[in-house]
Structure formats: structure tokens, C-alpha cells
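As you go down the protein sequences, you meet chains A and B in turn. Going by my numbering, the final residue of the first sequence carries number 339, and the count climbs one at a time with no gaps. Going by my numbering, the final residue of the second sequence carries number 387, and the count climbs one at a time with no gaps.
Honestly, the hints are just simulated from the structure, not real lab data. Just to be clear, a hint being listed does not mean it is correct.
[To be verified] Listed next, the in silico SDA-like pairs over lysine to any residue satisfying Cα-Cα at most 25 Å (straight line):
#1 B:Lys238 to A:Ser57
#2 A:Lys336 to B:Glu348
#3 A:Lys180 to A:Leu243
#4 B:Lys159 to B:Ser122
#5 A:Lys155 to B:Asn260
#6 A:Lys65 to B:Asp305
#7 A:Lys149 to B:Glu348
#8 A:Lys155 to B:Gly254
#9 A:Lys23 to B:Leu337
[Unchecked claim] Per label pair, the in silico range of CB-to-CB distance:
#10 B:Tyr134 to A:Tyr296: 46 to 56 Å
#11 A:Lys188 to B:Val325: 51 to 61 Å
#12 B:Val325 to A:Arg315: 32 to 42 Å
#13 A:Asp305 to B:Trp311: 33 to 43 Å
Glycine included, every Cβ here is placed at the ideal spot set by N, Cα and C.
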Amino acid sequence: MNMNRRIRIVDTTLRDGSHAVKHQFELEDIERITSALNNANVYAIEISHGDGLAGSSIQYGWAKHSDDARLAVAQKVVDRSKITVLLLPGIGTRDDLKLSIERGAQVARIATHVTEADISEQHIRMAKDMGLEVMTFLMLAHMEPPEKMLEQAKLMEGYGADVVYVVDSAGAMIPDDVKVRIGLLKKKMQVEVGFHGHNNLGLAIGNTIAAVQEGATVIDGTLGGLGAGAGNAPTEVLAAVLDKMGYVTGIDLYKIMDAAEDIVRPIMRRPQVIDRSSLILGYAGVYSSFLLHTYRAVEKFDVDPRDVLVELGRRRVVGGQEDMIIDVAHELSQKKNR
Amino acid sequence: MRERKVKAAIIGPGNIGTDLMYKIMKRSKYMEIDLMIGIYPSSEGLKRANTLGINTSHEGIEAVKGRGIDIAFDATSAAAHLQNAQVFEVEGIVAIDLTPAALGPYVCPVINLNEHIERKNINLITCGGQATIPIVAAISAVTKVHYAEIVATIASRSAGPGTRQNIDEFTKTTARGLEVVGGAERGKAIIILNPAEPPIIMRDTIYTIVDNPDREWIEESVRSMIAKVQVYVPGYRLRVGPLIDDKQVTIMIEVEGAGDFLPTYSGNLDIETSAAVAIGEKVSENILKGKAG
Chain A
2 MNMNRRIRIV DTTLRDGSHA VKHQFELEDI ERITSALNNA NVYAIEISHG
52 DGLAGSSIQY GWAKHSDDAR LAVAQKVVDR SKITVLLLPG IGTRDDLKLS
102 IERGAQVARI ATHVTEADIS EQHIRMAKDM GLEVMTFLML AHMEPPEKML
152 EQAKLMEGYG ADVVYVVDSA GAMIPDDVKV RIGLLKKKMQ VEVGFHGHNN
202 LGLAIGNTIA AVQEGATVID GTLGGLGAGA GNAPTEVLAA VLDKMGYVTG
252 IDLYKIMDAA EDIVRPIMRR PQVIDRSSLI LGYAGVYSSF LLHTYRAVEK
302 FDVDPRDVLV ELGRRRVVGG QEDMIIDVAH ELSQKKNR
Chain B
95 MRERKVKAAI IGPGNIGTDL MYKIMKRSKY MEIDLMIGIY PSSEGLKRAN
145 TLGINTSHEG IEAVKGRGID IAFDATSAAA HLQNAQVFEV EGIVAIDLTP
195 AALGPYVCPV INLNEHIERK NINLITCGGQ ATIPIVAAIS AVTKVHYAEI
245 VATIASRSAG PGTRQNIDEF TKTTARGLEV VGGAERGKAI IILNPAEPPI
295 IMRDTIYTIV DNPDREWIEE SVRSMIAKVQ VYVPGYRLRV GPLIDDKQVT
345 IMIEVEGAGD FLPTYSGNLD IETSAAVAIG EKVSENILKG KAG
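In isolation and in its complexed conformation, chain A is listed as follows (with noise of 0.2 Å):
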């Protein structure tokens, strides 16, 4: 096998696609997603909070099981994926990582805001001093310039990541950003470099293979797409498109195209599509999980989501700010109401 047609794949159903569902998914759920996910021989399977480790909160929203009894389950379950967790420095902590070690994960993905890299110099130490490959996610990277964006990734390349992320957080990235943005972290680093989109623009399948083609060798997916805004990359089309083109993944393509259809579609709140408010988040370039969170704001104060929206991504708000929501929903209903 030529090594440089190997692309291990991520899901993150359980993560990001928790999102989508508003933290609420079923101990069941998460058994037969996390068991249909290692039938398939998917490398690694992403099961947090959408906001990572300790995320279960007002801000984020309070998740249905604790980080504890997740991972409770999916380990029972799984023999030959790896289990990851992923932690944000400033929500979750390394008591949180530690625990979740003991449940069972074998790689840690740590992110932080595209230039705030030395927030995770601790958290990627511990990890690595305790044996897990790390992931590292430079998020909402749209934001900076390349350069910006490869001084950030070298922090955390000293700091011992094995892989470092460009996450484009937004969906905000046309496949033209993905490419410069690879690109240079390949011609400039050692450790292996990952993509991880949304597809707010549409762009979820199309990024990600330009990402493959500039030199990523670690990129992640959901089934079915599930995920915040207009959802992430789909696991199984990625495998189906990735394989026409010669890379190997590893997984078995009729396996993950049933979990897709039997297992997640069924349990899908809302139909994961392109709607005028993600469309908006990719247009706007604001963090994708901030989609139903604005949806409930604007019940309450009744604006046009898509107002909020374009106001969150002026005042150039970063992943977390949920609350800020809030604070914008509020300032438009009192003009207008003025």
C-alpha cells in the first residue's frame, strides 16, 4: 500500500453531531452508533459533549448522559476503532480528560480558537505523557491569515500534537482557503495535518478532498452529515469518494452507508439541509453549533434569525460565545421595538 493513499477517518457523529440533536442522545443510541461505527473499521470514534469534556451547561446546553456514562457505553462495544474525546481548554479541564483516559479513550483531541494555541499546552503534555495520540483543532480557521494560522499549529506541533487540524468551524471556507491553508502546514511541519469542515456552503465533501489533495491525512466525518449548522462532511460519502479516487480508509463502505441510512437517519430531529440561517453561517463565517441556539433566542425575541447571525459575525465573536446570542437577540428586539 502506498502510505500517502492512507487517509484515516474520524467520526464524529457522537461529538458534533451531537449538536444536531441538542445533546439528547439515547444511551442506545450511542451503543449502536459507536458498534455500527467499529463494524465499519472507521479509525476513530469522536463521543463528547458537542462542546467537548464538560460542556453539558446552560451556555451549551445540558446533555441528556454525563461524559461518564458515554463512554461507559461505547466502550463495551468497541475492538478495533479507537475511542476519542475532545476537550476545549477553558470549558473542560484536564481532571475531565483524565477520567475520560480511564473510560477508555485512546486519542485526545484538544481545540482552541485559531490564535489561541498556548491555551492547550497543558492539556496536549498530559495527554502525550500519558500515552494517547493527540489531535489538535485550530478552530474558526477562516478567520486569520495562513501565516497566523501555521505560528498557532507550530505551538501546538512543539507542544506534541500528532495531528494539527485546520477546522473550518463556520463552514466559511471555499476549497481555494483549504488548499493555501494545508498546504503550508504540510510544507512547514513534521506531524501529520487534518481537516475538519461543515457545510454550510455546501463545501463539507468538497473541502475535504481538496484537503486530502493538498496533503491531509487525518479528516473527520459524520453519518449522514449530522452535525451543527448545516452538518458536517458525511462519513460514508467521504469513504465512497475517497476510494473512487484511489485512497484507502480502511472502511467498509457497505457497512457505513447502513449506519448512515438505519441507524442515524431514523434518529435525525431535523432534516439536515442547507436552510437560510446556515446558509447565513457560512456566509457570515459564525461558528455552526451557534445555529439552534440562535433558533431559540429568536423565538423568544422575536427577530429574524439571520439579523443575529450577520450581527454575531460583524462583532467577530469565537466558538463559545453562545451567550452572545443572547446579548444581540436582546439589542435588536429593544431597536426595534423602540
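Given chain A, put chain B in place with the hints provided.
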């Protein structure tokens, strides 16, 4: 007797220490700065102190000995404070600890200072704690708070290397402060760094789950608490709320700094130094009373 002042020292001539110096020089009734201590001769903070006529030393904590210092503001690091605290104790110096070491009780000047006024070591919790715990305490004063969750968003430029490398300390210490000082049964803290230019003013959202979400009582209690904080942080303002949704109460505030040395957007740092000075004033007043009596 009113003319007398206690002798204060600042340990750590970084941004926080320098801002403390300006605040005390401009506004303190009961303190005069005798000394600023650092560990690098080239420190900008020490140079500034020098030009303002303050004694300086770059030889570390030893310099504080035998000068009759009454009160010391420690703006170093948790590890350094553990060492410094031993010297303060031997010298009989009251320590106002701005590090996360927390050897002494957590104190927020508008909530529990009187109860700890005689203590020899007082801890400032965190900047997010100083900004949000008063609101939680104000709600606790009128109804039981089962859960308090705060989100502190600060400008990337106002988060120094200490905060960045110890971000878990911030979330854990702030959460404990919401419980111990704010009166919440359970606390949770989230911190977000935002790199937008021009830098954003510190924003804090305080969510609580309470027994009795009585709008009038909560509004009144929060308003009077904000007025108390404004005595030492004039830029501490209510932005939104209280929004009441079943048992959940949401309040949003912003904190604009005084701009004494730190830029005004660094409300997070300003509320910490302002709280430290407010505590220092009360403690010093108390010391002077003791000396007079």
C-alpha cells in the same frame, strides 16, 4: 492621626503590579508604597517605580525584610507566593494574594471582607470571580441558588502567560468561589478568549438556577450590588437582565477598566487590582486603628 499611612510593598512588577502601583499612588487614603520588588534588573515595572520615586529591588522577596512593611500585594505566581508567604508571616506583613495560591480565604470586597479583616493572608480568587461572584451573592441574598454558571469573555490581549498556562486553575478556582463566596450550591465557570481588534471589553454572563425567581427582589438586590462594586470599579455595568425563564435567571455585565496603567478593555485585570486595593484600604484602616488604639 488621619495623616498616617501604612507602608505597602508590591511584589511582582509586571502589568498587574504596575497597575496596582498607580492605583495606590492616585487614590489610596491609608497606604503609601514603600517598595516594589522584582527579580530582573531590566524590569520595566521597576524602572517606572523608580521614576516615581518608589524604592525598588530586583533581588526578590528578601528585600522586604526589616523595613517595617505592613501590607504586601503579591502579584507573582502561585509557586512564588508559597515562598513569599513564609517571609510575610515572619515579618508580620499582611499579604494580599493576587495569585491562584489561595493560602488564605477567598475574599471579594463587597461580600465577605469584614469577616476576614483580621486575617494575615487574603486571596483574590480570580478576575472572573471578582466580576461575577458579586452578582451570584446578590441573588443568593434573596433566594436559594442551586447552581451558578458564569461565562467570562476577555480580550486575548488581556490574558497574560500566567492565565494562559494555567487556564484550568481559572475555571476550577472560579467555580469554587461561586460556591464558597457566592453562596451557590454548585458552581461552574467557563472562560473564553476573543482576539477581536479593537479588543473587546470584558463581558460576563451569569446564569443561576434559583428557588424563587422573583423579578423585583432579584432586580433590586443586583442593582444595589452593582452600585457597591462601582465604588471601586466605576466601569462595572449591567448590560442585560435579569432575564427570567422558569427558575433560570440570566444576567450579563461588562467591565471596563479605569485605564490607570492597563488599557480600559482589560476590565478583567482592572477588577482584580481594584478589588485588591479596596481590600488593602480596609485592612490598612484597620491596622491604623489598631496602632492608634
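Evaluated hints:
A C-alpha spacing of about 22 Å is found between Lys238 (chain B) and Ser57 (chain A), which places the hinted pair at or below 25 Å, so the restraint holds. With a C-alpha separation of about 20 Å, the suggested pair Lys336 (chain A) and Glu348 (chain B) falls inside the 25 Å cut-off, and the hint holds. A threshold of 25 Å between alpha carbons decides the hint, and for Lys180 (chain A) with Leu243 (chain A) the separation of about 17 Å falls inside it, so the pair holds. Annotation: proposed proximity of Lys159 (chain B) to Ser122 (chain B) holds, straight-line Cα distance about 23 Å (limit 25 Å).
A distance of roughly 20 Å separates the Cα atoms of Lys155 (chain A) and Asn260 (chain B); the hinted pair therefore holds under the 25 Å criterion. Of the pairs offered as hints, the one joining Lys65 (chain A) and Asp305 (chain B) holds, with about 22 Å between alpha carbons and a cut-off of 25 Å not exceeded. A C-alpha spacing of about 29 Å is found between Lys149 (chain A) and Glu348 (chain B), which places the hinted pair above 25 Å, so the restraint is violated. At roughly 20 Å between alpha-carbon atoms, Lys155 (chain A) and Gly254 (chain B) fall within 25 Å of each other, so this suggested pair holds.
At roughly 22 Å between alpha-carbon atoms, Lys23 (chain A) and Leu337 (chain B) fall within 25 Å of each other, so this suggested pair holds. Under the hint 46 to 56 Å, the C-beta atoms of Tyr134 (chain B) and Tyr296 (chain A), about 53 Å apart, fit the expected range. Evaluation of the 51 to 61 Å hint for Lys188 (chain A) and Val325 (chain B) yields a pass: the beta carbon distance comes to about 56 Å. The supplied range of 32 to 42 Å is met by Val325 (chain B) and Arg315 (chain A), whose beta-carbon atoms lie about 35 Å from each other.
Our hint of 33 to 43 Å for Asp305 (chain A) and Trp311 (chain B) holds, since their Cβ atoms are close to 35 Å apart.
Of the numbered hints listed earlier, the single one contradicted by the structure is hint 7.
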